[in-house]
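K.L.:
Read off the chains here:
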Amino acid sequence: MKAYIIRRVLSTIPVLLVVAVVVFFLIHLTPGDPAAVILGPDATVDEINQLREEMGLNDPIFVQFVNWFGKIIRGDLGWSVYMKMPVLDAFIEKLGPTLSLAIFAQILAIVIAIPAGIIAANFRGTKKDQAIMTFTLFGISIPNFLLALLLVLLFAVHLQWFPVAGYQPLSSGLLNHLEYLVLPALALGTIQAALIARVTRASMLDVLNANYIKTARAKGLRRTVVIWKHALKNAFIPILTVIGQSFGQLIAGAVVTETVFNIPGIGQLIINAIMRRDFEVIQGTVLLIALSYVLINLIVDLMYGLFDPRVRLNRRN
Amino acid sequence: MKSDHLLQVTNLKITFKTEEGNLTAVNGVTFHVDHGEIVGLVGESGCGKSVTSESILGLLDKKRTRCEGEIRYKDRNLLELSEDRMREIRGNEISMIFQDPMSSLNPVFTIGDQIAEAIMIHQKVNRKEALNRAVEMLRLTGIPSPETRIREYPHQLSGGMRQRVMIALALSCRPSLLIADEPTTALDVTIQNQILELIKSLKEELNMGVLLITHDLGVVAETCSRVLVMYLGQIIEEADVESLFETPLHPYTQGLLKSVPQPDGDRGRRLHVIKGTVPSLDKIPQGCRFAPRCEYATDKCRQQDPELEAAGSSHRVRCWHYKEIMEGGTGRAAAYESN
Amino acid sequence: MEAKPMETQSINQIMKARRKLVIRRMLGNHALLFGMLILILFGVIAIFAPLIATHDPYAIDATARLQPPNAEHLFGTDKLGRDLFSRIVYGTQSSMIVGFSVALLSSFFGLIIGLYSAYYQTLDHVLMRIVDGLMAFPAILLAIAIMAAMGQNIFNVTIALSIVMTPVVARVIRSTALVIKEQTYIEALRALGAGSLRMIWKHVAPNTISQLIVQFTYVFAISIIIEASLSFLGVGIPAPEPSWGNIIYEGKEVIYQSWWMTVIPGAFIVLSVLALNLFGDGLRDLLDPHARK
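Just so you know, the sequences run in chain order R, B and Y. Counting in this note's numbering, the first sequence tops out at residue 995, every number present. Counting in this note's numbering, the second sequence tops out at residue 350, every number present. Counting in this note's numbering, the third sequence tops out at residue 378, every number present.
These aren't lab readings, by the way, just hints derived from the structure by calculation. Keep in mind that the hints are not guaranteed to be accurate.
Label-pair distances were calculated between CB atoms; the ranges are [claimed, not checked]: (1) B:Glu91 - R:Arg901: 13 to 21 Å; (2) B:Asp86 - Y:Glu272: 52 to 60 Å; (3) R:Pro793 - Y:Glu272: 40 to 48 Å; (4) R:Ile739 - Y:Glu272: 44 to 52 Å; (5) Y:Lys337 - R:Ile739: 37 to 45 Å; (6) R:Leu832 - B:Glu31: 40 to 48 Å; (7) R:Thr902 - Y:Leu118: 32 to 40 Å; (8) R:Thr902 - B:Lys24: 26 to 34 Å; (9) Y:Ile294 - R:Ser850: 50 to 58 Å; (10) B:Asp15 - Y:Asn292: 53 to 61 Å; (11) B:Glu91 - Y:Arg104: 42 to 50 Å.
Just so you have them, the derived chain R footprint on chain Y, three or more residues with Cβ under 8 Å [what the hints assert, rightly or not]: (12) 219 to 228; (13) 351 to 360.
Don't be surprised by glycine CBs; every beta carbon is placed ideally from N, CA and C.
Make the full structure from the sequences, and use the hints.
P.N.:
Structural data, given as structure tokens:
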């Protein structure tokens, strides 16, 4: 197991490197001369050139990359021109609401999807299965901003069960906090639920075909035990993978959802940065999100060992 | 007479419901298994032997298959029992082991847990006691240091050991009937023998009846006292093992025996092959099912499906012309003249 | 053994029977049919947009603002009085073009990258690290970042989405190719002396085609969703060019009164993606016999 952990952690390093390179590349695609922007329209060519020298903008690309990378490692992800604070600080400030939303959505998704997928696999071919599959089909065919808008129309405007938009921090009370997050979490979570349910069903079907399930039944076990104990533990690994991936998609989806519901999270941070051309914020945020995605996947991979003893005890490669 | 047998299958008919219509995989199969005997069920892939064995334990998908006929086990018709009753029998009075031991054991549970689980459902004992019994079973099946083994996972064992674990699992509740579906097919030849010997000795010890399903005639010769030959969902010959090998009556059986390469035979001779291929279940030929591939087939064979008739004290065959074939063939007919 | 003309004839019969079976299955698969018909419909709309649209999608008419669907404006008008029917029709064109191009580009590059990675180990290590790195960015964020850097127009949207989707296709093709590579018949060919390049293109590639086609439809579907999201956020197809996403964005402010501005383009999005998903699912069921049952 230890070897597996070490190997897995080490393999993240090249990926992180690629992530850094991609972001750096994006930075350099940005039009405009940063020095000229800083000095304003009245600067002379000499002044701009001097600032470029100081900022290291005339150095060869590789040197610039190394410098930039060094800064990243130390936590300096740039400076938000608009908000007048380091990008990292802005990110941390806005992280709270997005995390709440993402976690809420993820829990909703898992709680709905896994039982649904199991039921669909168990009752394969029946009306129950078809109904669940149709539902998931719609789930993956709708963009989350559209689902969000439709949910608002139905539950907030028409039925008036939930607030239309806005955000209440945790400090104002848990129930209040959650009330404002229900619709956004539903919008985000339903789509993820559709994906997770599909994978759950497929994985369960695969497992239910396996010989050891026949053995389990031949032992005289009840069908529920066979499914929930024998099948599920084996089916769980692909499901876990997709949950890890879906968390990353949730963060991305939050970008859109926060816009619809006016939630002051990372999503809004990015959108505002785009409109205000606050490039360093965009790049820094995208970098951080990619990093956390890699981290989440790493954690998920390491969790495989919990479920599959072949991973835990495999001495061979 | 009927209630004397441990297992009596009468006129078993199994139909699959598919999108292409109903396919009859097993058509009117009748046989029995007694305590202390190993009955071999032989046939090529697709002849229905696995389906037959799975139907005994009710393991077939109820929604997609329909079973008709009778499967009498100790005076109960298994086809009529509720699922709850069947669960009491599975793993307890009738056990089954399958072909591929690697995929037949759950990879994420220890072998100790898997055996103990079977013991705990059928016998009212706690986990500790169940694990003790599991260790005993493993010892019985010849696995060294079973106390440590119970904490291991299937992938940590070799193929032969896994099959021993499967056997230990199946016999953990001391069943009266063991159904072994191709237990040695996936194993190395050297291990095959050990497993077969194990099955034989355990049968003696527990006085079990064993239904051994295989396509390997060598295995049959080694272990079985009686043999049933299946083709396309029907039993086409049934005999005790010596009679079957010495005087096979059905052309199919004869073909099977001829197809086994003889190491001390004429090396220059071509290998015998039964011409043609097994038809698919949706294209079952009219009349005798083997007729299209039989060198002795006549018009009668192609029009009428023969019944299984007696051809000796314990020999039955499903063929219109077995007598003529026998006389024309080996000439040992005199010693075998009816009843 | 004499030559058997009976046998060759039966092979032809078998092939014909197989073809009939595939077509019968295709027609019997209602989902697949439905998906295909909707897609053809959308394709027609996209291609013949100028003929189908009733008005100039850019034409502003201050007197006809925010009208509900009526005889003159089939889907109503937006806050600038522009005819929504025509805008949505042209939006169909944009979405279909973007979706199709992205699917085409990413399938093409994904195929090459996937195949070569499956075959050349060192290349595999390098390429797969890059693929993993790219896949670490949630699709929409990477698209946003690229658009922010490159500027906003339909061409850049296509490029950005292709960059995002190619790694996905590459991974799938690579896995498929790896499985095929391990099959015994490939080993047999190699033992006969077939060179790598020939093997890749003549033997392995054709077997990946069915997977590729299925991925094509999924990429097409995802591209439509992401493009709509980008346009909704204002970083996709730039206003005033019509796109389903930016029509919905404009409809957001007036969602309470003019809900059709949200629902109608929304229906178009859902329908097109649904059709693609159904088509892809149906294709996969058809082409991969192992996936059935």
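K.L.:
Confirm or reject each hint.
P.N.:
Quick rundown of the hints versus the structure:
no., hint, verdict
1, B:Glu91 - R:Arg901: 13 to 21 Å, "holds (19 Å)"
2, B:Asp86 - Y:Glu272: 52 to 60 Å, "holds (56 Å)"
3, R:Pro793 - Y:Glu272: 40 to 48 Å, "holds (44 Å)"
4, R:Ile739 - Y:Glu272: 44 to 52 Å, "holds (45 Å)"
5, Y:Lys337 - R:Ile739: 37 to 45 Å, "holds (42 Å)"
6, R:Leu832 - B:Glu31: 40 to 48 Å, "holds (45 Å)"
7, R:Thr902 - Y:Leu118: 32 to 40 Å, "holds (38 Å)"
8, R:Thr902 - B:Lys24: 26 to 34 Å, "holds (31 Å)"
9, Y:Ile294 - R:Ser850: 50 to 58 Å, "holds (57 Å)"
10, B:Asp15 - Y:Asn292: 53 to 61 Å, "holds (58 Å)"
11, B:Glu91 - Y:Arg104: 42 to 50 Å, "holds (46 Å)"
12, 219 to 228, "holds (count 8)"
13, 351 to 360, "holds (count 5)"
Checked against the numbered hints given earlier, the structure satisfies every one of them.
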